[in-house]
Structures are given as structure tokens and as C-alpha cells.
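Undergrad: Keeping their order, the protein sequence lines are chains G and P. The opening position of the first sequence corresponds to residue 56 in the numbering used here, with each subsequent residue numbered one higher. The opening position of the second sequence corresponds to residue 750 in the numbering used here, with each subsequent residue numbered one higher.
Hint data in this document are derived by calculation from the structure and do not stem from the laboratory. Careful, some of the hints might be misleading.
Derived lysine-lysine pairs resembling DSSO-like cross-links, with alpha carbons at most 27 Å apart [what the hints assert, rightly or not]: (1) 1384/P / 1279/P; (2) 810/P / 125/G; (3) 275/G / 788/P.
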Amino acid sequence: MGLYQMFHYIQRKRFAEKARNRPLSQQYFSEQIAQHHRIHDTEFLVIDCEMSGLKASKNQLLSIGWVTIKNLRIVNASCKYFLTHSETGTGDTTKIHGLMESNIAGATSIASVLLILIKHMQDKVLVFHHAPLDIAFLQRAALHHFQCPFLFSYIDTLNIEQHRLQLQGKHGGLRLAQCRERYGLLSNNQHNALADAYATAELLLAQASYLGDKKTLTLKSLRVHSTCHWKKAH
Amino acid sequence: MVSEIGDIQNFLSHHPLFKHLPLSLIEDASNAIYVAFDKAGANLDIFSNEKDFDTGLIIVKTGSLELRSPDGSLQDKLSAGDYLICAELVEEERPAIRSLEDSLYYELTSPAYSRLLSLSPEFAQRCQNHLQTMLSEHLLSIETQQPALRSNERAIKNATESEEGHSFLLHRYVRDHMSTQLVFVEPDTTIQQAAQLMRDHNVTSLLVRAHENNETLVGIVTDRDFRTRVLAEGKSVDESLQHVMTRDPITIAESSLLYEAQTKMMTSGIHHLPVLRDAEIVGIITVSDIFRINNVEPLSLNKAIIAAKSVADLKKTSDKIPDLLVTLAERDTRPSEIGEIITLLYDGITKKLIALAEKNFGAAPCAFAWLGFGSQARKEQVIGSDQDNALIIARPLSAEEALYFSRLSHFVCDGLNSCGIPYCNGGIMASNDKWRQPLEQWKSYFSTWVEERSPKAIMHASIFFDMRLISGDTSLAENLQHFVLNQAQTNTIFLALMSGNALQHSPPLGFFKNFVLENDGGHINTLDLKKRGTIPIVDIARNYALANSIKEVNTVARLNKLKETNGMSSDFATSLIDAHEFIAGLRIESQAKQHKQHSQVTNYLDPASLSPLLRRQLKSAFNFVKQAQTSMKAKFGSGYI
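Bound conformation, chain P alone (with noise of 0.2 Å):
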């Protein structure tokens, strides 16, 4: 007989739940499925005990089905690539199955499902993730009519937090963190001339291999060994390094995860692997690379920020921001804490700048306050975010003062222009006359716009919500908040007129819906993440803050701020936390691969780039967006009067 790679196989070895399965456990699953065909509306006879096996997993191959509770209601659909984990479902739990097209899927069985889950954590981890999104949808299309099972959903998310830890060394793999910097020696080399190679190279560890022409490894040689096996042992120097190597060192795959590296050096108590591609070694991995891993330092661009003598200088230093983001993503730090740590360096180039304006034209006339708005007020900057700021000076001016502040805000606009904080489009700065007022200026202009309540005039005074003292005196930005927000909150015709502007970015859930059923992606246009993501959920979290006269600016702390003071329910703050996090860190995700790419960083996301998997955690953060879109709405009313 002759051996073939089926499609099956092939499928499997691309799906994102067995892909990193090695060959022979995909061998074993492939042999464990069965493949049955329904046409467009016929019901699914997957937990029929009419047949042979049990159903532990099923895989949509092409075509699409619904998932519908025995109530009734919708619970999912499935498009091609996607799965249910039948295995995991209690009797009274089971969906009608019904195909929305012709479909061809995939069943595994369920002995053989049970088998990859205890020959592979990386499967289980996975299929526990994957279940973990399915409940919190779940429990979130039945929030209303069930509180109290939603204890569960935060024990179970606490219980896997707590393990997110490990969980990074799960999700990556030797070949991205291994070293290639690799030295070879031959195993006659004295002890002498290889602690010199060592300091030379600044490697910790030395390849020994049979002859100059024959990289077959024999041996490695640490500096732990030189510590251990010549001085406590007395060796001389000159001895040849055969008598101190470590001979047929254990090595690892470049294609292994992390944790399998950690796992063997913790079992054989050594600190350096050799890392293979076939039978070739391509590079060495420690236990410092593991370490390092999770070790973050974006701390030296804010010192070289503060260190700046010249724009020149700050524009060096911020030219590399982009780099840390890609290094903080891959680090996976949490999405809110990239946009601080990112607003931080943006705020220090501001007051850098604000400094050389004052040495290069001389001491402010009257005391001034430099405010940033929108993302940078939030703390929630990003690549690309624009510039929008503006300058509360407190008197008014004569003519040759009111130049200086001219000359100053011009300044440092250019200034954040040519570090990478493009101009605000709708000018929105500093530089512009009609935002650079004194105090009481500022305040008739607030009063005007509520008044008005045109469009235009709510969008401007939205922005005094998200607003944030950046460099200057402190009671003149205090003085105009707390105005702004008294005049807001005696002001519920105003609420609603923000809550209508706010539901003007809607997230794209008919995008998805075309997404479930077309399976070529040929005409799907890019994602807006920002403006279909992150904005909406940022504008619910004003809203409200507002409604509670909350003056936490920042979108996370906003709603921790509401769960606290009962403005907004405990999970629906926790939800929407949880969404913002995600929708962000996919941004910053796409960004960050953009800039890796050297293409444009932009706020575009491909929906045909992502997963299965990943497709579908998008499409229930936007579900849950859109519903608690509904429910401001009802609370505040919307549409302008």
C-alpha cells in the first residue's frame, strides 16, 4: 500500500486547535474522524445514538451552521474552520444543530478527542480557551434573565488568570527567542583559549564539534563547567576541553514551545540547549532567554526623553517608540498598560518641548496651562494617534504676549509633528488661535455649544470630557473641568444629545453576518478598529462617568471607577473592560506587525488575517458593544431634539 497525506491531515495540520500538534498525534486524530455531508436546512444528527461513536468535536469544513438552545434562541453559528466541542456539552446543554448552507464537517471521536487532551496541554489550553469564550457569551446572551449564574463565569476566568503566568511560555516557541550567535570549538581546544572565545564573542556557552569540517556536535562547554569541573577541581588551563565538556548534550527542536525547553532544563538541571532544524543545530537557548521573556524595560526612552537638549534629540528617541510597541506586544502586555506606557513618553515630549519653547523665547508672560484631549487625556495613545491639545492662559492678553504664546504653541505642535504625534485634522491644537484662550473664554465657549446643540457644537464640548493637564498650572485646568462637568450633569437634555453623537460609531455586526456565510473573503473590506471598536466603548464609558460625575478621564479606570460606585452594573463594567482590552490589543497586535512589515502603521485590521478562533472573540466583544450600546440608549435617551 502506498502512504498518502489525505486532505484531512492536511486540514488539520492548518487548523488552529490541532496545528501545533506534532505529526504523529495529527496522524492519530485524522484517523478518528468521519465526515458527513447536510444540505441547507436539514438538522445535524451529531448526538444521535444511532450511530457507532460519540462525537466529541466537530469541524466545520465548508458551508455554515446554527447552534440554537433548546429554548429556541441563536446561540452561535459556525463557518468554515470553526468548531463546537461537543465532548464538553451536558445533556440538557445540547444545541439543535441545523446546517444554513450545504456543509461538509468534520466529526472526532470522542475517545480520540480525549486523547489529545491528555497527550497535548497545548491542546487542552487551547480548548479550554475556546470553551472559556463560549460560556462568557453564553452567560452574557442570558444576563438579564439569569444573575445569579454569572459568579461561575468570574470563578472560572479568576482560576485561569491566575494561571496566565505560565501560560506565555505555551504560545511560543524556541526558534523566536533562541540565540544564533553560536561558537564552535574542537574538543581539543584548551580550557584557556575557550573562556577567552567566550569573553571575545560574549556567549556563556561553546558548541563543541568532532573536527573543523564535521559540525557534528560532541559536546557543550558552559561557564557554569569552568566554575564547577576546573576551578573547584583544580584543573589546569592548559588541559584540553574533552575533559571538561558535558558530551552529547540533550538539544530541543526549534520548533518546540518554551515550556517544553524550561521543562527540560528543569528536569536535567542544566541552563543551556542546543536548538535543532532536522539534524542542524541553528542556535541555543537559556534559561535567561526564558526569563527574559516577561522582563520589560521601556524606562531608558523616557530617560533619553528627558535627557533631550534639542528637538533634533526627542525626535531620535521617539523615532524608536514604534519598536517598544512591538517589543511590549510581543511581550504581551496588557493592551491598557502599552497605551500609558506609550501616553507617558508622548506626555514627556510634550513637556520637553514646552521647556525648549521657554528657553529659546524666554519666561510666560502670565501663568498657562498645556491640556492634552481624546487618547492622550485617556492615557490610551497609540501609533498614529493625532495631536489634539489646547492652551488655557489665565488673563487676557496684550498683543505682545499673546505672540508669545503664539510662538510657543507653534513651537511645540512642530514639534510633536516631526516626533511622530501627526497635526489634528480638524484642528484641534494649540497652534490654532481659537484654542489658545484665556480661562474665561474657555468657559463661554463650553456654555455656547451646549447651547447650540448642533452637532458640530456637541462634538466640541464632548472633548472637554476627555481632557487632562499636561504641563503648566494645575487649579487653571482644574477650574475649567469642574465647571465642565457641572454644567453637564445639571444638563440631562445634553446627556442625551451625547449619547445619540456617541451612537453615531456603531460596531459592524452586519459585516459579520456576511462574514459567517461567504467563505472566498473576496469581498470584504478592511476593519476600522478604532473607529468601529475602541471609540464606541469609550464613548459609553464618558457617558456614563459623566451621568455619575466621575472625573477618572482614562476609558479602564472609568469603569472600574462605575463598578465601584454601582453606576453601571458589576459585569457590564467587567464586560466592557474585557472587550476594550481585546479590541485594543488587536490593534496594537496589527500595529505592531505593520511596523515589523515596514508598512504603514494604520488602525486597518484584515477580518480574512485572523483566526478562526480569534474572528470569533472579535464578533461577540462587538455583539456585547452593540447591546450595551441598546441599553444607553434606553437610559439617556438619544437623537438631537
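Isolated chain G, as found in the complex (with noise of 0.2 Å):
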């Protein structure tokens, strides 16, 4: 057993009892994601989360954005955004979000947000760029409002370019925008979780054309991981 069943394993041997007859049922319950699965045939969700700071425990989610990729392709119907509520203030990213409080006035509730994110997670591979973060304030969420984490296999497009460069001998930013730019992807100026998560969609497509025959390209050559959570909610 490799690490990405193993962690997979610990997991759910954790929550699965936890999970059962709640919203998360279905990601406790059903088989993982194989490691030599066709990226060809694998649906993935790639994600990215605004927060008003760096700690999943003292800041908030403010918006988070995702689309789709299928047959190795943005479905650009599957776009969504949404602004979540922030009980404290906005932080210090304000600035670079461009997200005022004002702007969060009229946002979805976290807890709705989870539930539709929960709803198009199923049976599909998350993308983050810089997945630790993302993944630590979604699953404060999930525990705070559903009592277990979130179950599912991910891929991040940083350390797949930084095992890229790793193998070349190179050194380059690793940064989203540096990243793009390796592969002739121009940044647009636009600075908000859906354009984001659509910018990290396109850098996949372009590291999977790159990684190797589109046709054959398993999910372990782009690095594939299992969460691994066994921390108790406090």
C-alpha cells in the first residue's frame, strides 16, 4: 500500500463513523480515485479560496471560486464564485483582494457554500495551486460545520512545477503567474478566486501537455494526493 492509499486509509478508519447519514456520507463511503486512472477520462474540480489572512485559525474564508476540467477540458459552463460570509473583519489581504466588507454584505452563508462545493466535489480529482493553504481553511470549515473533514484525492500545480524544475535543474518562482509564463500563459490582471482557479485550470492543461502522450497520462504522473486527516474538531 502506497502513501496515497495509506493516507486515504487512516481517514476515513478515523471519520468514516463520524460521517455516516451527514453531508460528507458520500466521500466516506465510495471507492478512491485510482492512482493509474486516465487523466484523459478523470474529471477534476480546481478550486482556489480568498482568506483575509494566512492562519486557518484566526482567519476567514472570503469568497472561493471553481470550474471544471473534463476530457482534459475547461468547461467554461461550470464556473462558479461566490462571496461567504465573515463574522470578524476582512484582515489584512484586503488590499490584495480588492474585497471590501462592504462587497461581503450579501454573500452565501459558509455552511451553503460547503454543501454545493460538497455536492460538485463528488467523484472528482481537486486542483489547487499551493494546496496546503486552501486545503487547511476548508477544512476548519468542514469541521466546524459538519464535525468531519473533507475526504478526497488532489493534485497541486506548484509541486507539480516544482518537481518539473527539480528534474531540469532549475531554479524559477513558483508562483502562479511565474508558472503560467513558462508555458506562454499570459496574466490577466484580474485578482479574485474564480479567475484564479481558472488560471490554475489552464497552467494544468498546459503541465499535462507537457508531462507527456494526453492519451496515457496516468494521475500519479501528476503527483496525486490523499488527505490525511485525524485531528478531532475542537
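Both chains are sitting in their own frames, so use the hints and assemble them into the complex.
TA: See below:
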């Protein structure tokens, strides 16, 4: 058993009973997507979150955007973008994202956004650029609202890029725009969760195209991971 | 959820194929788009059945793609903004598509493509035009192998040509043709007052607003209403308008196409439509506005030229010619017709100047012929074409007589220059002693040039093949023309030399290769449409005409005659005519635009200003000219011996 299967096994063992008959139950009672699954036949959900800071314990999710990839093509109609409630102020990152507290009025509650997300995650592999940060916030929110964490497979475009540069013996920036530039993808000035999710999706297509024959590539070549959360909610 | 105007929607609303669609259809289209990426050298899986949808159309966002026919020959290259209509390809015709550089491209699903076709006539028209260009390009490329297929091409062409009559309404917008002179009245205005207002403002309709301070449109009243609802029903002219006006009139948005306006008027049986920008009334469009678009009347300028009494009068009239060009170009007049109209006016100016000279200096001591060369001879003049002219005199002259012709020639050439036909840089003008000679001298000039065979001599000799009498003695001009054609035709080496001369101007194909591969366009220079585009075609037509002793001088006329006499294959000639008309058309359009923007009128064009569609067409026209040059070289040989 590799780490990929083992992580999945550990988290499942830890939370399966808690998840039973709750919104997350399907994630705990369906098969893990195999590492040798062809990416051409895999559906991906590319996600980007914006937070009020970098610490999941202190800061809040402000917005979330996602888009799906199917047959290695971005499905333009699948774009979704939500602003979420924040109980405290918006913190320090408001300048970066151009999000003001006034924008956040009229936003959707985190719980309902998470419920929609659960539906869209089903049978998909998640994609993030710099996964640990977004995942920390998502898991914290899931624990808070559903008393158990998400269980999913995911890939990290930053991780793919880092590995590629290592293999080539090169150094280079790993920020989203820097990675995209290496594939001739232009940066846009828009900076919100959906635009960044979209930009990450394009980056993944470019990376996949460079990794080998699209027809035979598997999830393993995209360095697929599983979540492995075993700490209880406090 | 927050609604977003996505990148793709934004991209589509600026793309030539989609930008005219209403927002709702652009939204529909963007929801049916899939985005894919392929690295340089990869093969695209557009036609694979391993995906959930059939691709109707692909559009390149960044990068470039290469299309190869099933037999492996290069079919086309697509760069940013270019597209391929996959839905219309039968299975055997599907090209292999490979990406030449890292490419991001959009796929529109086949059902969405069909929906757009059925919902937007303009989209359908644009796709049709595109497919037709693709088809002729494709057929040209296989011309030598499969002549049988060419009849299809012609059939399609004839079919679309017959539709040209109303297709111009598909490309024009209400806002460009509406009248902005609006006269508002209130509902309590009397019929009498209203009729007086119409007369005073010279309008055929009045807009009725709620109050003086409230521009909400409550009705419209037209001259026809007065006829049918007032006179015919015997109403008093003191009654107020509200009893005869049409309430809540049908309106149209200023961004609508003319054909929509026409359809609206026809289906509701009305002649006037108020035009709205958002909720505000900005103009009115009438049935006669639509009729007027196709109605060309350049002859008033010609009348003014004939009536002119001085050089100043002529100048006043000639100053209006650039405006005429703009009008003609906007009315989609055929480029060859525009050339003829402009030449006709310049001919008139020349004739008038000669008549004025004879009035000033007295009658000429002997017969003479004023010749026009180059574009004037070919009836292909545009704004800024310089003068090329010469004088044949019936006999050798005394010193005093020579002075008379010198004064006459200077008067005419100076006059032409002040009328916007600049002096010739090469000095080919009757005011130059060398170009004002007795008939016998002209003949010996020509023989010497043919013998000498230097590039400059050949250049001079070639001028005489595009020659036309503008004013004076017909027999002098015919005598010289006959002599020249005889000399040329019996001299095969001369034809080879002419062909070599013609090959000096080649279409800028390398230029387009760069164009395909460069996205930024920063280092693309402008393109000389005359030197690179029309001259090569003019040269080809002239050489073939010479070899077949065809007397016609106009390029299109030469090619038509060559077609008739089998001097050139009929498809070859037709394609050259099309290429010539297309390039000449671009040149005229670009000049009209320059004139409208008050910048200097030139032959230069910035290729970046062209839509991807036009760029493709220009590319294919250049490609064809290049092919034609190659076959000319094979036929006549080339170069100097």
C-alpha cells in the first residue's frame, strides 16, 4: 500500500462513523480514485479560495471560485464564484484582493457554499495551486460545520511545477503567474477566486500537455495526493 | 453566487465572428465553450470520439495551429483569433491539426454552433463567407490536379453573388444611416402647426413627446398620416395631433442592422422608425434612408468639371474627389468601378485644362495627341496617383511652334498638380521636353529602348503598353500603339525581359509567415498595397495581353479578354480578377479611412488593423499572385540576358 492509499485509509478509519448519514458520508463510503486512472477520463475540480489572512485558526474564508476540467478541457459553463460571510473583519488581505467589507454583505453563508461544493466535488479530483493553504481553510470550515473533514484526492500545480523544475535542474518562481509564464500563458489583472481557479486550470492543462501523451497519462504522473486528517475538531 | 463577465465572453464579444451577436447569444456560446491547451508539436484530438461533445468550431486564443490535408500537404495555419469550422467538414476532409507553438484554443460544441446558425442570420452569413474563402483557397491549391472540381466553386460563387443585393444590409448599422435631425412636438400641437414645422425643418415626421420637459415618446406623426388620417377623413387642421398620431410607435436600437430595420418596417407597413440608444431617442430611420444607401451619383462632379471656367474652378471640384471616394467606398462600389469613376473625373480635368490652354494661347499649329500612361491609361486611378503623360505631335516643329506646345504642356501639368494629381517623380510628363515629341521620334525612342535592353530601357518601353488617348488626334495615338504592339510581339526576348521586370515586385509572403507566428505585432511594418499588391497583377495582365496581342489596357478588361480568347485559363484569369478586386478594394477602403481621419492619403496599410478574416483573405490573395508569377516565369522566361 502506497502513501496515497494509506492516507485515505487512515482518515477514513478515523472519521467514517462520524460522517455516516451526514453531508460528507458519500466521500467516506465510495471508492478512492485509483492512481493509474487516465487523466483524460478524470474529472477535475479546480478551486481557489481567498482568505482574510494566512492562518486557518485565525482568519476566514472570504470567497471561493471553481471550474471543472473534463476530457482535459476546461468546461467554461462550470465556472462558480461565491462570496462567503465573515463574522469578524476582513483582516489584512483586503488590499490584495480588492475585497471590502461592504462587498461581503449579501454573501452566502459558508455552510451553504460548502454544501454546494460537496455536490460538485463528487467523483472528482481537486486541483489547487499551493494546496496546503486552501485545504487547511476548507478542512477547518468542514470540521466546524459538519464535525468531520473532507476526504478527497487532489493535485497541486505548484507541486507539479516544483518537481518539474527539480528534474530539469532549474530554479524559478513558483507563484501562479510565474508558472503560467513558462507555458506562454498570459497573466490577467483580474485577481479573484474564480479568475485564479481558471488560471490554475489552464496551468494544469499546460503541465499535462508537457508531461507526456495526453491519452495515456495517469493521475500518478500528476503526483496525486490524498487528504489525511486525523485531528478531531475542537 | 456572484455573476462574472468571464474572459471568454469578453473575447467572443470582440471576435469578428461573434461580436455582432446579441449579448444573450454570446452568453449561450461562451457556456458551450471548452478550453484546451497543446504544447508545440502536439497533435490535437479535436475529432476524437473519446470526449463527450462534438466540436463545431475551434478558435485559437494564443499560439498557432497547422492544418494538413489527409495527403499530408499543408492546408492552412491558424494564429490567434483564427478559427476552423469543424462542423462543416465531411469526415474524409478532416485535416490533421498540429500545434506549432504552445497553443490555448477554444472549442465550441457542435449543437451550440448550429443554434447560432439558426438564430443569427449574420453569424450564418459570416460563416458562409469564411467557408467560401476556405474553399476557393483549397481549390486553388489543387487547381493543377483536379480541374473538374472547379465548377463547384463557380456554382457557389454565383449563388452568393446573386445574394449580394441584400447582403449589404447585413453589414450596416442603423446608427450610421439614421437621420439625427429630430423635431419634437407635444400632443396638443395642432395639425396645422405640425405641418408648418415639417415644412420649416424639411422633415417627413415629427416625434410626439409627453410634455415639453418630458422626452418620453408617446407617438409619431408622419406626412403620410396627414394624407390618410387628416385629408382623406376630412379632419379640421385645428384639431390636435393626438387624434391623428400613431401611439407608442415601434422603435429600433441604434446598434441594430439595417436589415432588421427593413424587416420591421415591412412587417408593420410603416416607413419611419425612431432610433433608441438605451432609452433615449437619438435619431430616426426611414425607408428612403435605406433606399438611398445603394444610390450612387458621382456625375454631379463631372458636370461641374465640364462647366469650369478656370483652374480655380477645377481645383474646387477636384477637392471634393476624396469625399466621393469615401462615399463610394462606404456604398460598397466595386473597386474597378471606383477606379473608372475617379479616372473619368481626372480625364475630364485634363481635357478641360487642354481646352483652357488653347483658349489662353490660341489654337495649336498642328494636330497633337495627349496621352495618359499608367493607372490613368488603365482607368485605375486612385487618390494620390501621380500624373504620367506625354504629347505626340503630328510633325517636326519650328522653334516658335515648339514654344507653343511647351507652354500648353506646362499649363496642363501645373494645373493637374494643383488639382491633386501630383507631378511624376520620374519626370514622365508632357512638360518634359523628352516626353513631347513628333510621332517619328516616339517610334525611334521605342526601337532604341527595345534594342538597348537595360533595365531602365525596359521600364521605359513597358510604359507604352499602358497608353490611352485622353485628348486630341485619335490617329496619332493609334499609329503609335500599333507600332509598339507589333514590335513587342515579334520580339520574344523582349517578352522575357518584360516578365523579368515584372517579377521585381513580388507579394510579401515572408511577411505573412511572420504574421502567423508573431502575436505582438510590434515589429510588423506597414504594407505597400500598390507596390506589393496591385502592381504585380497589373504586370502579369500586361505581359499576357502583349503575348496575345490584346489591345485592352484596363487590367480587368485585359484579363476578361484573355479568358475569352483562351490566352489564359478561365479559372486563372477569374482568380486574378478576384485578387485584384480584393486588394484594390482594401486600398480604397484604407484610403477612404485615411481621408476621413484627415491623415495623409497613402498606399500603405497597417496589417494589424485588419481583422483576422481580412488578413486571411489578403494572405490567400498574395499566395495566388505568387503562384501566378511563377507560371508567368515558366511561360516567358525571366531576367536579363
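Undergrad: It remains to establish, for every hint, whether it holds in the given structure.
TA: Now for the hints, and whether the structure bears them out:
| no. | hint | verdict |
| --- | --- | --- |
| 1 | 1384/P / 1279/P | holds (25 Å) |
| 2 | 810/P / 125/G | holds (19 Å) |
| 3 | 275/G / 788/P | holds (20 Å) |
The structure is consistent with each of the numbered hints, conforming to all of them.
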